[in-house]
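*Asks:* Sequence:
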Amino acid sequence: MEYRQLGRTGILVSRLCFGLLTVSPLQLALDPEAAARLLRKALGMGVNFIDTAVLYDTDDLLREFLRGLRREDVVIASKSYDFEYDAMEKTVVGVLSSLDTAYLDLFLLHEQESRLTLRGHAPALDRLVDLKRRGLVRAVGVSTHYVDVVRACALHPSVDVIHPIYNRKGIGILDGTAEDMRDAIEYAREMGKGIYCMKALGGGHLAADSARSLSYVLSCEAVDSVAVGIASEQELELNVAVCEGRPIEDAIISELAGHKALHVAEWCEGCGKCVARCNHRAVSIVDGKATVDPARCVVCGYCAAVCPLFCLKVY
62 MEYRQLGRTG ILVSRLCFGL LTVSPLQLAL DPEAAARLLR KALGMGVNFI
112 DTAVLYDTDD LLREFLRGLR REDVVIASKS YDFEYDAMEK TVVGVLSSLD
162 TAYLDLFLLH EQESRLTLRG HAPALDRLVD LKRRGLVRAV GVSTHYVDVV
212 RACALHPSVD VIHPIYNRKG IGILDGTAED MRDAIEYARE MGKGIYCMKA
262 LGGGHLAADS ARSLSYVLSC EAVDSVAVGI ASEQELELNV AVCEGRPIED
312 AIISELAGHK ALHVAEWCEG CGKCVARCNH RAVSIVDGKA TVDPARCVVC
362 GYCAAVCPLF CLKVY
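Numbering-wise, the working numbering puts 366 at position 305 of the sequence shown, and it's gapless, one number per residue.
These are computed hints drawn from the structure, not numbers from a lab.
By construction, the Cβ of each residue, glycine as well, lies at the ideal position given by its N, Cα and C atoms.
Be aware that one or more of the hints could be misleading.
As the list claims (entries may be wrong) - Cβ pair distances, simulated, as ranges:
1) 63 - 367: 34 to 40 Å
2) 94 - 64: 24 to 30 Å
3) 216 - 340: 22 to 28 Å
4) 132 - 324: 34 to 40 Å
All chains, full assembly: derive it from the sequences and hints.
*Replies:* As structure tokens, this is what we get:
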């Protein structure tokens with residue numbers, strides 16, 4: 062496994078980052094012990110970088126995974142939607158307590174949409190910088206689906222790391238093309254920012270050609286690491302093989318090429334909370350029930366977090 066320094070942070074990460082969204086309660090809801098075993102298998106294969114978020118509710122499985130390990134052997138990134146100064150510290154301290162760890166390697170503002178939202182989150186960003194000085198976080202970052210936010214963060218002195226959406230088809234990029242995002246990523250890298258990407262498989266839309274899709278993102282020299290959702294040992298082995306440049310049997314690729322989708326249960330009452338939550342405009346209310354547009358949906362499952370009746374599932 063190849064390792065890269067995440068920008069100028071001094072943090073060494075594997076090219077493959079284990080994204081926990083897939084095994085979280087928002088998607089597969091994998092048993093914490095089973096998920097921890099999968100994470101340990103990944104660590105044994107050289108994957109030292111893990112991405113999660115407060116929204117994903119993965120503290121139980123991460124705590125199980127960390128038990129008995131040397132903390133310095135693992136790099137953990139988390140993120141939240143906090144925008145107030147004190148709220149951000151409360152969140153970070155809560156995560157540290159829940160994971161029984163003294164620090165987080167990376168903490169990010171989650172899903173920033175524009176330069177205006179960045180300004181609106183300035184108090185939270187300032188608090189993260191303070192927490193960094195105090196040693197509770199090692200680096201500060203921003204996650205986004207927007208090209209313009211990547212460019213803004215490239216020049217922001219408080220941002221060490223950027224976590225942008227990027228894939229060969231440009232799926233989920235909300236203000237440009239794949240080429241636009243690549244240009245922005247390369248610019249941010251020139252400015253010294255660490256880059257680890259998400260949605261290399263387009264939320265599952267590119268799973269039929271996963272090796273090619275992951276290789277495409279890794280081929281960008283400005284990208285330090287790529288966060289990929291991993292649900293099984295087979296998926297782990299395939300993704301590690303791609304990152305290491307090893308050939309993969311066609312049979313394995315075919316077996317893992319199933320496409321995930323967002324499904325709406327029959328008891329949906331059409332409250333519309335999922336519609337308001339979806340930045341990709343992939344959900345609408347039709348005949349009193351939530352309806353999903355597969356062409357727009359990136360299968361993140363974030364809408365499931367706001368559904369009061371638990372009608373939304375990814376599988």
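*Asks:* Would you mind marking each hint as holding or not holding in the structure?
*Replies:* Here is how each hint holds up against the structure:
1. The given range of 34 to 40 Å is respected by residue 63 and residue 367, whose C-beta atoms sit roughly 38 Å from each other.
2. Judged by the Cβ atoms, the range 24 to 30 Å given for residue 94 and residue 64 holds: they are separated by roughly 28 Å.
3. For the pair residue 216 and residue 340, the supplied restraint of 22 to 28 Å holds, since their beta-carbon distance comes to about 24 Å.
4. For residue 132 and residue 324, the Cβ-Cβ distance of about 38 Å falls inside the hinted range of 34 to 40 Å, so the restraint holds.
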